[in-house]
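Asker: Full structure from sequences and hints, please.
These protein sequences, in sequence, are chains X and D.
Per this note's numbering, the very first residue in the first sequence carries number 1; after that it's consecutive.
Per this note's numbering, the very first residue in the second sequence carries number 1; after that it's consecutive.
If you're looking for bench data, these hints aren't it; they were derived computationally from the structure.
Glycine included, C-beta positions come from ideal geometry on N, C-alpha and C.
Hints are supplied without guarantee of correctness; some may be wrong.
What the hints assert, rightly or not - Taking CB as the label site, the calculated pair distances span:
| # | chain 1 | residue 1 | chain 2 | residue 2 | range |
| --- | --- | --- | --- | --- | --- |
| 1 | X | E64 | D | L191 | 29 to 35 Å |
| 2 | D | H33 | X | Q93 | 39 to 45 Å |
| 3 | D | V209 | X | G71 | 54 to 60 Å |
| 4 | D | L198 | X | G71 | 38 to 44 Å |
| 5 | D | R72 | X | G22 | 28 to 34 Å |
| 6 | D | N26 | X | E69 | 24 to 30 Å |
| 7 | D | A58 | X | Q93 | 34 to 40 Å |
| 8 | D | L69 | X | V68 | 19 to 25 Å |
| 9 | X | E64 | D | T54 | 20 to 26 Å |
| 10 | D | G234 | X | T70 | 56 to 62 Å |
| 11 | X | K106 | D | L94 | 52 to 58 Å |
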Amino acid sequence: MLSRELVAASTIPLVLSILREGESYGYALIQRVQALSDGKIGWTEGMLYPVLHWLEAEGLVASEWREVETGRKRKYYRLKPKGNQALITEREQWLTVHQTLTKLWKTQPHLT
Amino acid sequence: MVDGTPNTHQTMEDPTSFDLNQAIRNWRGPLRHSAHLREEDLAELEAHVRDSVTALQAKGLSEQECFLLATRRLGKPAALEPEFAKVNRAEVWLNRLLWMVIGLQVWGVITAVSKSLTNAVVVGGWWGLGLPTPSIQWGSNWSRAVVPATFMSLVHLLVLGGIIVGVWRLIRCKEMDVNDLLARALRRPVLLAAGAVLLLLALSVVGPVEQMLIVRGSSPPEVGAISLCQALSGLLFRFAETLGFVALTIALLRRRFRPMSSASSESQPSLLHP
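Answerer: This is how it looks when you write it as structure tokens:
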């Protein structure tokens with residue numbers, strides 16, 4: 001399991017990256033993260049919604065209520081151009097950390 | 001403010017008659033009264049629970065098990081609330097302001113109605129039932145007016161309490177949604193405004209009419225005595241009202257600033273980075 005700091009820091013790039021594939025809604029976002037991380041990124045599901053609302057308030061995503069085939073309503077989120085820009089920045093930063101750590105760990109192959 | 005876990009234990013008592021809609025209503029109950037969650041947030045959370053239940057049912061779990069699991073995965077209300085509070089601050093305050101304004105208007109109407117009723121009951125009783133009218137002359141022992149004035153303010157408080165309890169029970173027993181009621185009323189703004197103006201006019205006419213009737217039906221010393229009683233009773237009533245409001249404010253403040261249980265935030269980390 002991830003530390004709480006890492007969970008909080010990685011939520012926004014995860015959400016933005018999934019929305020870049022196409023619009024989605026809260027439950028589906030969570031399912032996707034769980035599947036991709038083999039259940040290692042475990043969110044308290046309800047806590048995703050304040051994050052989505054924050055992203056919307058910042059103008060990174062847009063939302064829309066829509067009726068689905070079962071007659072229920074769902075709130076769909078999609079990435080806005082500003083969100084795409086934010087994702088590019090996030091990606092650069094995460095890759096920097098990732099590459100630095102990878103280089104270090106190459107020279108120290110036996111971490112115990 | 002929400003405390004503890006959602007009210008799911010009621011639905012666990014009889015597994016044969018589990019009603020998902022009822023269970024969701026019970027679960028929404030405490031969250032609905034939270035100042036930090038908008039109606040829309042609740043609708044979104046409910047949609048999530050329903051999606052979650054449907055997906056879990058496909059795995060062969062019973063509807064009740066699915067519901068319990070779905071709400072547990074969603075997180076405890078006490079943990080969710082502060083997260084929503086972080087993003088809903090402005091709307092929460094606007095919402096509070098709206099309710100304060102509505103509350104003040106409603107309180108104004110309720111006190112005006114109860115005051116008129118009190119005067120009708122007490123002053124009408126003095127005449128109709130031939131109760132002894134307090135006869136005090138200026139400069140004489142005016143403390144004799146305190147007894148009828150106290151009686152009058154007691155009647156006033158009782159009438160007021162009666163109206164409040166009546167309105168409250170009406171709302172509760174019909175399970176009316178106040179938000180929904182307001183939304184429906186706002187769909188006809190002209191009618192609403194006209195109604196409000198008419199009500200205010202009617203209430204503002206009541207006072208002068210009462211005074212006129214009192215002046216016409218009584219001798220000058222009686223009018224003076226009744227006026228003195230009314231003024232004293234007003235004073236006593238205001239005192240009781242102020243005490244009530246102070247107590248209410250303290251009670252609300254204590255609820256608002258009650259510390260969150262640390263255990264829930266420990267096990268359910270925030271996803272929202274500062």
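Asker: Now tell me, hint by hint, if it's right for this structure.
Answerer: Structure-based check of all given hints:
1. A C-beta distance of roughly 32 Å is found between E64(X) and L191(D), which places it inside the suggested range of 29 to 35 Å.
2. For the pair H33(D) and Q93(X), the supplied restraint of 39 to 45 Å holds, since their beta-carbon distance comes to about 41 Å.
3. Under the hint 54 to 60 Å, the C-beta atoms of V209(D) and G71(X), about 55 Å apart, fit the expected range.
4. As the Cβ distance of L198(D) to G71(X) is approximately 41 Å, the hint placing it in 38 to 44 Å holds.
5. Our hint of 28 to 34 Å for R72(D) and G22(X) holds, since their Cβ atoms are close to 29 Å apart.
6. For N26(D) and E69(X), the Cβ-Cβ distance of about 27 Å falls inside the hinted range of 24 to 30 Å, so the restraint holds.
7. Judged by the Cβ atoms, the range 34 to 40 Å given for A58(D) and Q93(X) holds: they are separated by roughly 39 Å.
8. The beta-carbon spacing between L69(D) and V68(X), approximately 22 Å, falls within the hinted interval of 19 to 25 Å.
9. Between E64(X) and T54(D), the C-beta spacing of about 21 Å keeps the proposed range 20 to 26 Å intact.
10. One distance hint, 56 to 62 Å for the beta-carbon pair G234(D) and T70(X), holds here, with the actual separation near 59 Å.
11. The hinted window of 52 to 58 Å between K106(X) and L94(D) holds, with their beta carbons roughly 55 Å apart.
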